[in-house]
Amino acid sequence: MRFFDCNCFIGLPMNGMLKPVATADELLACMDRAGIERALVWHVAQRDYAVPTGNRLLAEAIAGHHDRLVGCWSIMANQWGELPQPESFCSQMAEANVRALRAFPELHSFLLRGESCGPILEAMMRRRIPLMLPMRDGVRWENAYDLLAEFPDLVCILSEIGTWRAERMFPALMERYAHVYLDISHYILDGGIEAFVRKYGGERLLFGTDFPRRGQGGMMLAVKHAGILEEAQQAIAAGNLERLLAEEQL
Amino acid sequence: MSDQTPIKPGSQLAAEFWEKGRSESCPIYNMHGHPGEYHSMYMPRGKPADMLPAMDAAGVKMVCFAHFAALNCPDIGNRLAVEAVRAFPDRFRAYLAVNPHYPEMLARDLSEYDSLTDVYVGLKLLADYHKVRLSDVRYRRALEFADARGLLVLAHTYDGSPFNGPDEVRRVLDTYQHLHLLMGHSLNAAWEEAAAIARDHPNAHLELTGAFGQRGAVEVLCQGAGSGKMLFGTDVPMYGQHQAIGQLLSADITDEDIHNICHRTAEKLLGL
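Protein sequence lines, in the order shown, are assigned to chains D and V.
Note that the working numbering numbers the first sequence so that position 215 is 261, with each residue one more than the last.
Note that the working numbering numbers the second sequence so that position 158 is 597, with each residue one more than the last.
Calculated from the structure, these hints are not laboratory results.
Computed from a prediction, not measured in an experiment: that's the story for all the values here.
Honestly, I wouldn't trust all of these hints.
Once the Cα atoms are required to be at most 30 Å apart in a straight line, the calculated DSS-like pairs of lysine-lysine come out as [what the hints assert, rightly or not]: (1) K570(V) with K486(V); (2) K486(V) with K459(V); (3) K459(V) with K500(V); (4) K270(D) with K500(V); (5) K486(V) with K500(V); (6) K500(V) with K707(V); (7) K459(V) with K707(V); (8) K486(V) with K270(D); (9) K270(D) with K570(V); (10) K245(D) with K570(V); (11) K270(D) with K65(D); (12) K245(D) with K270(D); (13) K245(D) with K486(V); (14) K707(V) with K486(V).
Computed beta-carbon distance windows for the label pairs [what the hints assert, rightly or not]: (15) Q295(D) with Q443(V): 34 to 40 Å; (16) L153(D) with D557(V): 33 to 39 Å; (17) Y568(V) with D183(D): 23 to 29 Å; (18) Q662(V) with A195(D): 47 to 53 Å; (19) G208(D) with H617(V): 34 to 40 Å; (20) Q443(V) with G62(D): 28 to 34 Å; (21) P448(V) with E106(D): 29 to 35 Å.
Glycine included, each C-beta is placed from N, C-alpha and C at the ideal position.
I would like the entire structure built from these sequences, with the hints used as guidance.
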């Protein structure tokens with residue numbers, strides 16, 4: 047079974063953690079050990095320090111590893127021009143093998159809405175660039191609902207949804223918006239994968255680990271032995287993310 | 440990469456669990472379960488009968504649980520726990536759930552305990568949710584009962600909690616030396632303190648629900664207290680068993696440690 051991890055990070059968190067992974071080389075060594083082929087990776091400095099520098103650190107870290115590491119940058123409200131304008135930003139993404147974006151609106155003090163982030167969100171919709179919403183890191187469910195109401199065609203990955211009390215939050219978004227996906231890194235509900243596949247099919251779940259905050263083996267084993275068809279297991283393990291990224295028009 | 444055992448190359452247990460989903464040599468006792476309904480969570484496998492296929496798939500021999508109704512619904516109390524265990528006596532055991540707000544109910548339940556030893560393995564305390572400190576007089580009767588009989592007491596324990604944080608856990612252990620305190624969630628996330636308490640008290644044990652969620656926690660507990668003090672648990676049917684097994688396999692511990700955690704510690708405590 048091939049695995050493509052949609053959610054892992056490198057870098058040293060400001061407040062420490064038990065077993066951080068500082069560099070891309072360390073990440074690749076852990077991926078090799080676990081048996082994970084590719085990963086969509088962000089840099090913790092994007093969250094803890096500043097988006098522009100964090101994005102740069104991520105690009106530098108994964109340079110030379112584009113065969114296995116795909117970058118995830120962060121965005122924010124850009125009225126002060128701290129980030130390049132959307133078209134230039136997208137060009138830089140392509141050059142750096144960055145194929146997804148995430149946002150930390152509560153921590154970074156902006157509203158993830160059209161009034162403040164319209165240009166980049168519209169560019170993302172046009173180019174089908176996925177937006178990862180890290181629900182554990184300060185994105186509230188109301189934010190996700192409001193954002194999708196305003197940008198219904200946004201490719202959106204609900205990420206780190208938390209290990210409980212999310213089961214009644216995400217289904218309405220799945221049902222209303224065709225391009226919403228679920229990163230399963232925190233979706234450890236007993237029977238959760240099976241229930242989701244029964245209701246929504248296997249094309250909208252993405253294998254993720256939230257490594258190194260969480261270990262890699264948990265969701266690997268959960269997918270491998272989920273009570274679903276092997277075809278669906280492989281789609282979740284890697285195929286769905288590969289398809290998503292192939293549909294992108296950077 | 441493609442020829443090696445995923446998760447942990449070189450581990451026989453990893454190979455077995457990867458290939459089959461379960462291990463014949465490493466059965467699992469899940470010491471922390473909560474069947475039933477829960478107000479803020481959808482659980483597709485909430486009924487005890489619905490838990491069995493996933494238990495079989497993961498090689499979980501037995502789940503020891505406190506029924507959610509017993510914890511959250513005094514109108515129902517422990518009745519559903521008794522029914523569930525008696526319906527599947529080879530697969531389930533229960534903790535008698537203690538609600539400190541209903542002393543008459545507790546007195547009645549404790550008076551019936553000895554006629555239900557085929558059901559119960561001990562008591563369950565949920566101080567954080569019942570908002571009563573473990574050291575409060577309202578828990579005294581239950582703790583004295585457990586201590587007199589050397590019962591297991593699965594207590595929810597969490598870092599920073601005034602009800603069941605490290606200080607409260609130490610108070611219980613300093614007062615009662617014959618009960619076996621299973622520190623549910625191992626004082627999430629005060630791992631070093633939890634390990635120290637388990638090391639310092641022969642009757643303290645570390646139950647791992649939630650610990651799997653932080654990479655490195657299992658190693659801290661293992662290094663600090665030893666795997667012989669650790670117990671597998673997942674809050675099933677809230678959280679799946681394969682994901683917990685996978686996290687355990689990912690941890691930097693030996694296959695012997697995993698055996699201890701998955702079954703040997705539980706077998707000793709359950710007298711199996």
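*Taking the CB of Q443(V) and the CB of G62(D), does the distance hold inside 28 to 34 Å?*
31 Å, holds
*For the range 34 to 40 Å, tell me whether the beta carbons of Q295(D) and Q443(V) fit it or not.*
Holds - the Cβ-Cβ distance for Q295(D) and Q443(V), about 37 Å, lies within 34 to 40 Å.
*Taking the CB of P448(V) and the CB of E106(D), does the distance hold inside 29 to 35 Å?*
The hint (29 to 35 Å, Cβ to Cβ) holds, given that P448(V) and E106(D) are roughly 30 Å apart.
_Pairwise beta carbon distance, Y568(V) to D183(D), judged against the given window 23 to 29 Å_ = Distance hint for Y568(V), D183(D) holds at roughly 26 Å.
*Would you check the hint for K270(D) and K570(V), treating anything up to 30 Å between C-alpha atoms as holding?*
Violated, because 40 Å separates the two Cα atoms, which is more than 30 Å.
_What's the verdict on K459(V) and K500(V), does the C-alpha distance respect the 30 Å limit or exceed it?_
15 Å, holds
*Take a quick look at whether K486(V) and K500(V) sit within 30 Å of each other, Cα to Cα.*
Within the cut-off at roughly 17 Å; holds.
_Agreement of K500(V) and K707(V) with the hint, judged by alpha carbon distance not exceeding 30 Å_ = Measuring from Cα to Cα gives roughly 15 Å; hence the hint holds.
*Keeping to a limit of 30 Å between CA atoms, is the pair of K459(V) and K707(V) held or broken?*
Distance ~27 Å between K459(V) and K707(V) Cα, so the pair holds.
*Within a Cα-Cα threshold of 30 Å, do K245(D) and K486(V) meet the stated pairing?*
20 Å, holds
*Agreement of K270(D) and K500(V) with the hint, judged by alpha carbon distance not exceeding 30 Å*: 21 Å, holds
*With a cut-off of 30 Å on the C-alpha distance, tell me whether K707(V) and K486(V) pass.*
Roughly 28 Å separates the two Cα atoms, so the pair holds.
When each numbered hint is compared with the structure, violations occur for hints 9, 10, 16.
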